[in-house]
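Take the given structure of chain A and dock chain B to it, following the hints.
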Amino acid sequence: MNLLEVEKLRIWDGHSGNVLVENSTFQLKQGSCLAIVGESGSGKSLTCRAILRLNNNALRQSGEIRFQGVDLSLLDEREMRRRRGKQLYMILQNGMRAFDPTNVIGVHLRETLVHHYDWNASEITEKLKPAMLSVGLQDPIGILNKYPHQLSGGMLQRIMIALAIVLEPDIILADEPTTALDTVSKFEVVEQFIRLRERMGGSMIFVSHELGVVRKLADEVLVMKSGSIVELGTTADLFSNARHEYTRYLMSSQRMLNDRFQQLMGGAGIVGR
Amino acid sequence: MLVVNGVYKSYSRGGMFSSDRQQILRDVSFAYKQGECLGIIGESGSGKSTLGRLLLGIEKPERGTITLHGESVENRSSRRGRISAVFQDYTSSINPYFTVEQAILEPLIRKRNGREVNRSKIERLLCQVGLSASFCAKYPHELSGGQIQRVCIARAIATESSCILLDEAISSLDGSVQMQVLQLLKDLKDTFQLGYLFITHDIQAAAYLCDRVLFLRSGQIEEIVDIAQLRNVQSPYAQKLIRMMMN
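Chains A and B supply the protein sequences, listed in that same order.
Read in order, the letters of the first sequence are residues 89 to 361 in the numbering used here.
Read in order, the letters of the second sequence are residues 48 to 294 in the numbering used here.
If you're looking for bench data, these hints aren't it; they were derived computationally from the structure.
One or more of the hints may lead you astray.
[Stated by the list, open to error] Cut-off 27 Å, straight-line C-alpha distance, at most; resulting in silico cross-link-like pairs (BS3-like, lysine-lysine):
hint, chain 1, residue 1, chain 2, residue 2
1, B, K185, A, K313
2, A, K304, B, K287
3, B, K185, B, K168
4, A, K117, A, K304
5, B, K107, B, K80
6, B, K233, B, K168
Looking at chain A on its own, in the form it has when it is part of the complex (with noise of 0.2 Å):
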């Protein structure tokens, strides 16, 4: 069954009449979690947020988007908001701008579930205090208490991890969350997505563009390219043999560089195991 449907989706500037994303067409099912790769520019977080209508007023939309049957471009903006976080739950890319800066994180945590439960502040401690543990957060109060500048970004990235947890959202939608993240918080941070995955048994949109991080992750990928979906199929599928010429560059590319590192460590190398 499809959670979400996007149908023939379209991006244009309203000034200039660009057209940024053309004609996009897939489905989410229950369950699984799809991953949205390409270069930078190609319009991938462009799709992410016109799901959630978050793009700029001067980007108009057209097409169809049904999530749970219902379609999201005809609901009004209160409805919308409602839906946002708590159904349809966004991780961004830069935890530094993802979070309020003159506020404490916990403020801003609050603030959320508030919104969409009606539980007292000591009940969101409560809450919140095994999501954070669970993601590998020691002292949930004490990072509650902190500003987004004292945590770095592999902890950011983490919280919001942990609210969805608390949030139980039905489609998480992850954009570039482990882009800005060095080798040992990225390899902690999907640790914790896989987690997440087999936890809430969610559905999941991942858009990246580290093809490594998708192959862990992904049970279907979308290849895109200046604004149009080149291929779609499953990760092994895709892995194994690309059809389109594009998606084989991708994967090229990836490969030079992984191929010299394990020629280095010779094949699975002594500390691999």
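For chain B alone, coordinates are given in the frame of chain A:
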């Protein structure tokens, strides 16, 4: 060529009069040989960018010395034409009011013979980094990330420095563009006998380009190994990093 000896660096934490200091680098010593490509690997907050700024002479170490061909890097004259840099954030590395041509010309004018630089040299440089001469009149906002990074590389090689410091220069580019820039760096290295100081958190990229790698952790050197010996790293931290990369 570049010798780093017992370098310490700390920044003050808190207010202007606070005496609370955060130690960034502790007793860092290593030697960089002319023409080699040395990778400096560390996670965020390990002090690798601070080390980069010290190597460029933009900041001064608190203790210890950094010498370039026997002279302190703090002297402008010792750095001139010997070391140049490419930074991570391509949106802020070029003056937005400058065209590509002006940007590449900027370091050349500082050189004494700079005024004789003609347009054909700029065009040749652009060609070497894989851009066409038509880019001369463009402004940075008209270019994509990969293209700006190429302009930055052209600017860095324009002074004919023998060593270029790349501080996370490919980290904010996406997969295939990263590969193109890495390939370009490799080609330039062979044509001009360039050496690189390649600061990164990406071991795969370092493995692709470097001859030696240095692992930096909380301001201290964990280990320096030849790239061929990467699989035999001794320190637990380097092993952990490599294990994460393998999975």
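| query | Between K107/B and K80/B, does the CA-CA distance stay at or below 27 Å? | reply | holds, 22 Å
| task | Quickly compare the C-alpha distance for K185/B and K313/A to 27 Å and report which way the hint goes. | result | holds, 24 Å
| Is K117/A within 27 Å of K304/A, Cα to Cα? | Given that 27 Å is the threshold and the Cα spacing comes to 18 Å, the pair holds.
| Between K185/B and K168/B, does the CA-CA distance stay at or below 27 Å? | Holds - the C-alpha atoms of K168/B and K185/B are around 17 Å apart, at most 27 Å.
| query | Are the Cα positions of K233/B and K168/B separated by 27 Å at most? | reply | holds, 21 Å
| Are K304/A and K287/B close enough, with their CA atoms no more than 27 Å apart? | Holds: K304/A and K287/B sit about 19 Å apart, inside 27 Å.
Checked against the numbered hints listed earlier, the structure breaks none of them; every hint is satisfied.
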